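2 protein chains.
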Amino acid sequence: MPKIKLVMEYDGSHYHGFQRQLNANTIQAELEQAIYNISRESVAVIAAGRTDAGVHALGQVAAFSTETEIPADKWRLALNSFLPVDIRILESEAVSASFHPQYDALYKSYCYLIYRKKERAVFFRKYALICDQQLDLEAMQSGCNHILGRHDFRCFCASGSGAKTWERTVHICSLADEGDWLKLNITADGFLYNMVRIIMGTLLEIGRGRFQPEQIADIIASCQRSQAGPTAAPQGLYLCSVRYPQI
Amino acid sequence: MPKIKLVMEYDGSHYHGFQRQLNANTIQAELEQAIYNISRESVAVIAAGRTDAGVHALGQVAAFSTETEIPADKWRLALNSFLPVDIRILESEAVSASFHPQYDALYKSYCYLIYRKKERAVFFRKYALICDQQLDLEAMQSGCNHILGRHDFRCFCASGSGAKTWERTVHICSLADEGDWLKLNITADGFLYNMVRIIMGTLLEIGRGRFQPEQIADIIASCQRSQAGPTAAPQGLYLCSVRYPQI
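Residue numbers (numbering that gives the first Met the number 0), protein chains in the order written: chain U, 0 to 246; chain F, 0 to 246.
Bear in mind the hints are in silico, worked out from the structure with no lab data behind them.
All of these numbers come straight from a predicted model, not from anything done at the bench.
Fair warning: there could be bad hints in the mix.
No copy is singled out in the list; a pair is fine if it fits within one copy or between any two copies.
[To be verified] Taking lysine-lysine pairs in the DSS-like style, the calculated list, with each CA pair at most 27 angstroms apart, reads:
#, residue 1, residue 2
1, 2, 73
2, 116, 73
3, 117, 2
4, 117, 163
5, 73, 117
6, 116, 163
7, 116, 182
8, 182, 117
Turn these sequences into a full structure, and let the hints steer you where they fit.
Next comes the structure, spelled out in structure tokens:
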């Protein structure tokens, strides 16, 4: 059965996350409904990462199997005509039947946006964490460096995660100071549940002087969620891109 | 009775405009409710410009009279604690009892934002006009120049306006090409109903080659709304600032 890979962006503000749930708007339910509208097939859409409620995507990858004859590249326009305006398909292409958006991913990249002023914050409430406190950015960047590399990241994993292993390799973890905006870019071979948001919350504690950057190493070594900072709000988080071997 | 002047910003997405209406969320109703919560006074708030449904403000000015002893500068924090998060008071100060936010205004400045790409448009739907067509920006800028100065602007006034005179002086009318964004900045001694949106709609027709820039002069001379372009969507419009003689 042919398989279609989708690259998509969405404004997560009005959704209870990616994954289908009873009696809640989700990205998955919208996608599956749109596919049904086009092909009368009830399919299960799989995503590279299950974004939480309020989390956004610039390059989420999803896939589904279909028996229809619709050319792969036509799915983009067809789906966009049925999907709500806050979910847009950017690309659709045929992939091998064995393709799995999550398991086949080599790297995923997230970013976390912080808006640093009170003025105009009304426009960014749903698209960034609003934080106009003074932050020690140098300390935060130094904290980022302790996150790089292969570690057991259990300390940055929310309870209730079904993860079987906690080792992940973080390839990029860096802060970009863009004036009114602060942006965390983080790329890894995989992420634990809430990992980016807990890392962001911990970096913010460093920025406020409550943790020293070097403590990140101790927090990681502790393997204790309680040692890390709070989970930063969902609305600052964006799933930016997912890389696969074949691309 | 002391009078308080407010400078405020709001995300107009969820409101049916500034002006109070029966059975509809409006900025005015939220303000008056917040004032009532603080002072138990039923006041009428007057604004510099009555923004329409979906239109935003970065520097709307409003005023109300109060008999309470609350210092003028404390109203900002007090109101912000009662107002919804998409309406924020930036400044509050005492003004003379005769101050009128609309009649006393020397100039008002609006801007109109256009987002020019498909990608990431999901995040800007409510905050800009999305338009990824090719536009002749030079022609549009040339069209802007014909709008400058004192004219009878009836052609850019929506029907149903209660305006008594149609002459206004436009001091600034210019387009800024900011990569993915196109921004119209317009400053005048006053604006007719829907004037900025109709000007934007007309400039877009020029950008698409449907009107020549020089036609703006004929459109203005015609005094006919039907000669101008369509009314651009509300979500791209921002009331940026209002200037008064005393400031």
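Hints, one by one, checked against the model:
In this assembly of identical chains, the alpha carbons of residue 2 and residue 73 lie at most 27 angstroms apart only when taken from the same copy (13 angstroms versus 61 angstroms across copies). Taking the shortest alpha-carbon separations for residue 116 and residue 73, only the inter-copy value of 20 angstroms comes in at or below 27 angstroms, while the best intra-copy value is 43 angstroms. In this assembly of identical chains, the alpha carbons of residue 117 and residue 2 lie at most 27 angstroms apart only when taken from different copies (25 angstroms versus 47 angstroms within one copy). For the homomeric pair residue 117 and residue 163, neither the shortest alpha-carbon distance inside one copy (42 angstroms) nor that between copies (39 angstroms) is at most 27 angstroms.
When the C-alpha separation of residue 73 and residue 117 is checked against a cutoff of 27 angstroms, the pair qualifies only between copies, where the shortest distance is 17 angstroms, while the shortest distance within a copy is 44 angstroms. When the C-alpha separation of residue 116 and residue 163 is checked against a cutoff of 27 angstroms, the pair qualifies neither within a copy, at 40 angstroms, nor between copies, at 41 angstroms. In this assembly of identical chains, the alpha carbons of residue 116 and residue 182 lie at most 27 angstroms apart whether taken from the same copy (14 angstroms) or from different copies (22 angstroms). In this assembly of identical chains, residue 182 and residue 117 lie within 27 angstroms of each other by CA distance both inside one copy and across copies; the values are 17 angstroms within and 22 angstroms between.
Against the hints set out earlier in the document, violations occur for numbers 4 and 6.
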